[in-house]
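2 protein chains.
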Amino acid sequence: MKINDDFGKLPADYVFAELAEKVKRARKLSEKRIIDLGIGDVKLPLPKIFADEMEKAAKETGKKETFRGYPPQSGYDFLKNGIVGEYARDGAEISEDEIFVTDGAKSELGNVAELFGKGIKVLFPVPCYPAAAESNVILGNDVVYLPTDRENDFIPVPPYGKTFDLIYLCSPSNPTGGAFSYLQLKSWIDYAISSNAVIIYDGAYSRFVESGGVRTIYAVKGAKNCAIEIRSFSKSLGFTGIRCGFTVVPKELGDLNSLYKRRIGARFNGVSYISQRGAAAYFTPEGRKAAEKRINFYKTNASVLKIALKKQNLWYNNSCSSPYVFVKSPDGLSSDGFSDLLLDNCGICSTPARGFLFDGNYVRLSAFSTREDIFEAAERIADLRL
Amino acid sequence: MKINDDFGKLPADYVFAELAEKVKRARKLSEKRIIDLGIGDVKLPLPKIFADEMEKAAKETGKKETFRGYPPQSGYDFLKNGIVGEYARDGAEISEDEIFVTDGAKSELGNVAELFGKGIKVLFPVPCYPAAAESNVILGNDVVYLPTDRENDFIPVPPYGKTFDLIYLCSPSNPTGGAFSYLQLKSWIDYAISSNAVIIYDGAYSRFVESGGVRTIYAVKGAKNCAIEIRSFSKSLGFTGIRCGFTVVPKELGDLNSLYKRRIGARFNGVSYISQRGAAAYFTPEGRKAAEKRINFYKTNASVLKIALKKQNLWYNNSCSSPYVFVKSPDGLSSDGFSDLLLDNCGICSTPARGFLFDGNYVRLSAFSTREDIFEAAERIADLRL
Chain P
0 MKINDDFGKL PADYVFAELA EKVKRARKLS EKRIIDLGIG DVKLPLPKIF
50 ADEMEKAAKE TGKKETFRGY PPQSGYDFLK NGIVGEYARD GAEISEDEIF
100 VTDGAKSELG NVAELFGKGI KVLFPVPCYP AAAESNVILG NDVVYLPTDR
150 ENDFIPVPPY GKTFDLIYLC SPSNPTGGAF SYLQLKSWID YAISSNAVII
200 YDGAYSRFVE SGGVRTIYAV KGAKNCAIEI RSFSKSLGFT GIRCGFTVVP
250 KELGDLNSLY KRRIGARFNG VSYISQRGAA AYFTPEGRKA AEKRINFYKT
300 NASVLKIALK KQNLWYNNSC SSPYVFVKSP DGLSSDGFSD LLLDNCGICS
350 TPARGFLFDG NYVRLSAFST REDIFEAAER IADLRL
Chain S
0 MKINDDFGKL PADYVFAELA EKVKRARKLS EKRIIDLGIG DVKLPLPKIF
50 ADEMEKAAKE TGKKETFRGY PPQSGYDFLK NGIVGEYARD GAEISEDEIF
100 VTDGAKSELG NVAELFGKGI KVLFPVPCYP AAAESNVILG NDVVYLPTDR
150 ENDFIPVPPY GKTFDLIYLC SPSNPTGGAF SYLQLKSWID YAISSNAVII
200 YDGAYSRFVE SGGVRTIYAV KGAKNCAIEI RSFSKSLGFT GIRCGFTVVP
250 KELGDLNSLY KRRIGARFNG VSYISQRGAA AYFTPEGRKA AEKRINFYKT
300 NASVLKIALK KQNLWYNNSC SSPYVFVKSP DGLSSDGFSD LLLDNCGICS
350 TPARGFLFDG NYVRLSAFST REDIFEAAER IADLRL
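Residue numbers (numbering that gives the first Met the number 0), protein chains in the order written: chain P, 0 to 385; chain S, 0 to 385.
This is chain P alone, in the form it adopts within the complex (with noise of 0.2 Å):
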């Protein structure tokens, strides 16, 4: 049997499977209810729009006049056009055929590289979501890691003199926070154009960007000639059980587009009518509403948990952009020295940088959480002696 060999470069677990089992032991253990704020993982119910828009639609599955069988592959109009709109807003000309509908981010990150020749090298500044370059590690792809600096807000600057193939980015930065301004993403735009690389932009916390930031990056001069965007519905409409969100390939890109197309047609099969309905009910004015109110929930629980972080003098990523905190250790604490000492003294979960693929001391803590939960967990924070 010849095995993937690849798979002995990766840790031994993913680092969030690790986690839920870390969670799981501490709360047979722990006399304290332990709070999870590892796992970025919506804990609010959907809005009323969106769980309802599902209903009617699983009706409709059972009924001759409703019924329908596969979804086209690159995903339904009804949906399409309604991200196309979204597009439009965020001040970026984008087609239904350069969309193509997915069961989310995760997966599309680690697909979009099989478009490109085996072995490629490609660039992942550090820290970052982890199943990305898993993915590519998978694939047997020369995967480069780039450390970037608190001094910088986490912001990676491109390596000019080196090149790559492919470029991935995050904005606003799991697990940073940090979200890229418009010269910024210029800058990167202009090197992986000279020399010759793909972008790959994940954009699945774009909707977390305060009013009057960069969106997406189509909104940014040239992005069409470099980049593929990748969003997901998980975080912004609370879909993380759901199962939907989209890739743009625009057809600026030469054959990618088209690839991407055949690359469906061999290896995926759309996705469910339900789940697409229930994300196409974002784009009305009331899901707009009740998406942009769970963000905004979300992100006050953020800046609750800061208020404690800053009463025990702990550095944190100040972005509004965002619902995670980057939180430094404590002096002389690691990154999973300073993750077990929030669960052991203060009955918090964590996710230690080790887990974004950064050698560097920082802890992330989730903001996607019960008012409730950020609240007590905020006083344990505040409460801990350092």
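Warning: the hint list may mix true and false statements.
Identical copies look the same in the list; a pair holds intra-copy or inter-copy alike.
[Claimed, not checked] Straight-line Cα separation of at most 20 Å, SDA-like style, residue types lysine to any residue; simulated pairs: (1) Lys220 / Ala11; (2) Lys55 / Pro44; (3) Lys58 / Ile48; (4) Lys120 / Val83; (5) Lys62 / Lys292.
The set of hints was computed from the structure by calculation and includes no laboratory data.
All of these numbers come straight from a predicted model, not from anything done at the bench.
Dock chain S against chain P, hints included.
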């Protein structure tokens, strides 16, 4: 930009994308009402129990008490329980940690190949479902086709003396409908074990097997030591638009079970809660009965088509375990020629054998249709002047 050259080895379009376009064109141009027996897509609405269950699940997503975020990466226990029970009924012992809930068989047939080394040698008896072979081409594997014989009902015989890393088998076969007997499967298992190969067993149509037949490869001795089984709810439950299936990776397969888990960690994020709830309803007496009724309905459709073909003295694969009818072209007509004739003269869309990577003069007719359309199609075929 370094493109994946292996895409160049594929036909320009995925065969079923090509067919969808063909039907669309024909519907515009033809005076006859076009009956689509090309793509194997179910046409009847979901039995009420499945639609009801998904409606209930959709409602749950909007309530605090019942909301769920990310699904467990390998699927919900309520669904895996049912699957374990079904295997027991079918004469196989499978445990929950060998089961992985997926978004359907099509993606999985390619995904599992990623567990193995790059450039491995992969055997496909043909005619076969094209997506699996195409996925292996995209991944850079060395794909070898093994033509099968009409005399043997297109059931392949192991190519003794040659060795492969992976072997794809499909039973009942798409497109020929042939179902492997216990001894036929046993010969493949013996061959795989003796040549250190892994069998990827596509059981998407396993619920169509006549009672007394083999419904899972794991009912055959030795299979857990050499086979991964991929199943789907698409055809048995009518879930083509719902996207749910599962893959079994036995623990006897050494590292493969943990590698598969590791792959999910990096490359997948689980299946919609609503879809999983719908699928789980199958494992109730009412659900089973409803699904069986649909399966028998489509099988009866196939019998209706066969009667018309018999009138025309055309050869067809006489399997009772399949929703497909595999028909030999009339003398002098190629696979595409006969397919065109059926479209032009009968207004019936079919799939030429070329679409199943087979160099023989056959077409596949799908019986996934309404009874009305099948009667109409049968009449048109019987009236055809050959």
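Right, here's what the structure says about each hint:
| no. | hint | verdict |
| --- | --- | --- |
| 1 | Lys220 / Ala11 | neither (41 Å within a copy, 32 Å between copies) |
| 2 | Lys55 / Pro44 | both (17 Å within a copy, 15 Å between copies) |
| 3 | Lys58 / Ile48 | both (15 Å within a copy, 11 Å between copies) |
| 4 | Lys120 / Val83 | neither (32 Å within a copy, 43 Å between copies) |
| 5 | Lys62 / Lys292 | between (34 Å within a copy, 16 Å between copies) |
Violated hints, listed in ascending order, are 1, 4; each of the other numbered hints is respected by the structure.
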